[in-house]
Amino acid sequence: METLIIQLLNGLVFSMLLFTMAAGLSLIFGQMDVINLAHGSFYLLGGYIGLTMVRRLGSFWLALVVAPLVVGALGLALEYFFLRRLYGRHRHLDQVLFTFGLALIAADLIRWNWGAYVESVPPPELLSGQIPVFTVQFPVYRLSLIAVGVTLALGLGLLLERTRIGAIIRAGVADAEMVSALGIDIHKVFAGVFALGVALAALAGVLGAPVLNLYPGLDFEILILTLVVVVVGGLGTLRGAFFGSLLIGMADTFGKAFLPEFALFLIFAVMAVVLLLRPSGLFGLEGT
Amino acid sequence: MLEVRDIHTYYGDSYILQGVSLRVEAGQVVALLGRNGAGKTTTINSIVGLVPPRRGEIVFKGETITRAPPHHIARLGMGLVPQGRRLFPNLTVEENITLAARTGNGSARWTLDAVYALFPRLKERAHNRASQLSGGEQQMVAIARALMTNPDLLLLDEPSEGLAPLLVREIGRVLADLKAQGLSFLLVEQNLHMATAVADWVYVMNKGQIVFEGTPQELLGNEEIKHRYLGV
Ligand SMILES: Nc1ncnc2c1ncn2[C@@H]1O[C@H](COP(=O)(O)OP(=O)(O)OP(=O)(O)O)[C@@H](O)[C@H]1O
Ligand SMILES: [Mg+2]
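Chains A and B supply the protein sequences, listed in that same order.
Anchor point for the first sequence: position 249 equals 249 in the numbering used here, and the numbering is continuous, going up by one each time.
Anchor point for the second sequence: position 113 equals 113 in the numbering used here, and the numbering is continuous, going up by one each time.
In short, the hints are calculated from the structure, not lab data.
Wrong hints could be hidden among the right ones.
To be verified - Covered stretches of chain B (in silico footprint by chain A; criterion: 3 or more residues with CB under 8 Å from a CB of chain A, positions within the stretch not fixed): (1) 58-71; (2) 79-88; (3) 98-105.
Unchecked claim - Now the in silico label distances, taken between C-beta atoms and shown as ranges: (4) B:P165 with A:G101: 38 to 48 Å; (5) A:R164 with B:K123: 11 to 21 Å; (6) A:H90 with B:E57: 45 to 55 Å; (7) A:E177 with B:H127: 24 to 34 Å; (8) A:G157 with B:D6: 45 to 55 Å; (9) B:T64 with A:E177: 51 to 61 Å; (10) A:E177 with B:P120: 23 to 33 Å.
C-beta atoms are modelled at their ideal positions from N, C-alpha and C, and glycine is treated no differently.
Start from the sequences, fold in the hints, and give me the full structure.
Shown next as structure tokens:
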């Protein structure tokens, strides 16, 4: 019973980290039709920048703000100088090659700068220790990640559903060309969405570091799980990203805890079942 | 207001517009007629910058816009009501209408209240998703959405397409209304009756070229053109 509760909580924690990743990946795909294979690299880069800031300045909170800003700015630059040249209906291969190449370059640069060790990051002082949840003791930091994830989901939901910029983003998902024909510079919207998406990835990297540690290769591990989440949830929908994250986060956590040899298999089995029942994912638009 | 000079437009390797010229004067309603595949939508898409022409020139309010990006052209005062409406299905009616609202260049006139007065039905449907509307209501949203950008020139691509006769008449009435208020527009149509009722000048297009221009009366009296190019 106790392990069950702990695994359940761990599953929620991991789900919320996945959601922070998947929300960005899904937004970028929905808006720009670009599958960002460097998304895991932005996660890892954010985590390592956070690590450096914690070591140099001793402030996790500062890391939490600065790493997403730095990585978001990098995203803006990458969009402006490279990705912008690759938009268009028949350029998927170019985009995939570009973002995958970016991921490979980032992996090497990260290894070169931060080394190939497993680095751990302590949670901030304020959130250290454990508190009782039901019948178990659970780390405060991990619990707060669940709260952060839910808050983020609500915040992004409000941004998309209740603001004008959110309406423009949703309109762009449906028909970007028409948005531009109405006088809105869709490339600015693309750039903003891309920066927001990669900043969220970096945020996940900092948030996740005390839980998952940082090491070369984590970028691709996270990327693959995030891709699975987005496919399971339905491409381009926030709700899909949220519930897809819950499903895959739980499957991964319970798989690793109870069927360690089959953990990865379990995830892909879940994905296969979902896609058999709903080919465009839990919340994907049918027929797209 | 708008002058299109000898434009040549391609989709990839297909040569679609083969030297199209037309003009719309301020306050004028100009109709562009032609059969399916004549190149009407391609002409519209060339003007609004979605499919820029390879050769030729387009001048709008004195500015050359031939290869300008679509959002820039729209901001100069061009409002598009595209073929097939192209509403944002997952947005509400009101979100669709207000998405690109701006005050335009002249004295701002169109507001949400004003377009609801023009299309009272849309007010009742304000919080429905656009995908839940009937074809006629969708066309009203498409027109309202363009009006809310307060354009100087409205481009309408087959607004009567797929609508029941009663609705076609209603849209026709709205267009006559807009014209009476001094708005200029370029109206692409296959509905000869509706187009000639409101237009001051008519172009007929076939296989990517203009094959006739004149007043609506001249067209209506020209059996050969009507027969050959409009299938009447
Ligand atoms: N995206 C495209 N790619 C390639 N060819 C196209 C494309 N769109 C249209 N065409 C071709 O260009 C020609 C002109 O098409 P266009 O849509 O401009 O005709 P139209 O006069 O608007 O017809 P309709 O009344 O059916 O809307 C047609 O032969 C069509 O097949
Ligand atoms: Mg057409």
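Hints, one by one, checked against the model:
| no. | hint | verdict |
| --- | --- | --- |
| 1 | 58-71 | holds (count 3) |
| 2 | 79-88 | holds (count 4) |
| 3 | 98-105 | holds (count 4) |
| 4 | B:P165 with A:G101: 38 to 48 Å | 58 Å, violated |
| 5 | A:R164 with B:K123: 11 to 21 Å | 20 Å, holds |
| 6 | A:H90 with B:E57: 45 to 55 Å | 28 Å, violated |
| 7 | A:E177 with B:H127: 24 to 34 Å | 26 Å, holds |
| 8 | A:G157 with B:D6: 45 to 55 Å | 51 Å, holds |
| 9 | B:T64 with A:E177: 51 to 61 Å | 22 Å, violated |
| 10 | A:E177 with B:P120: 23 to 33 Å | 31 Å, holds |
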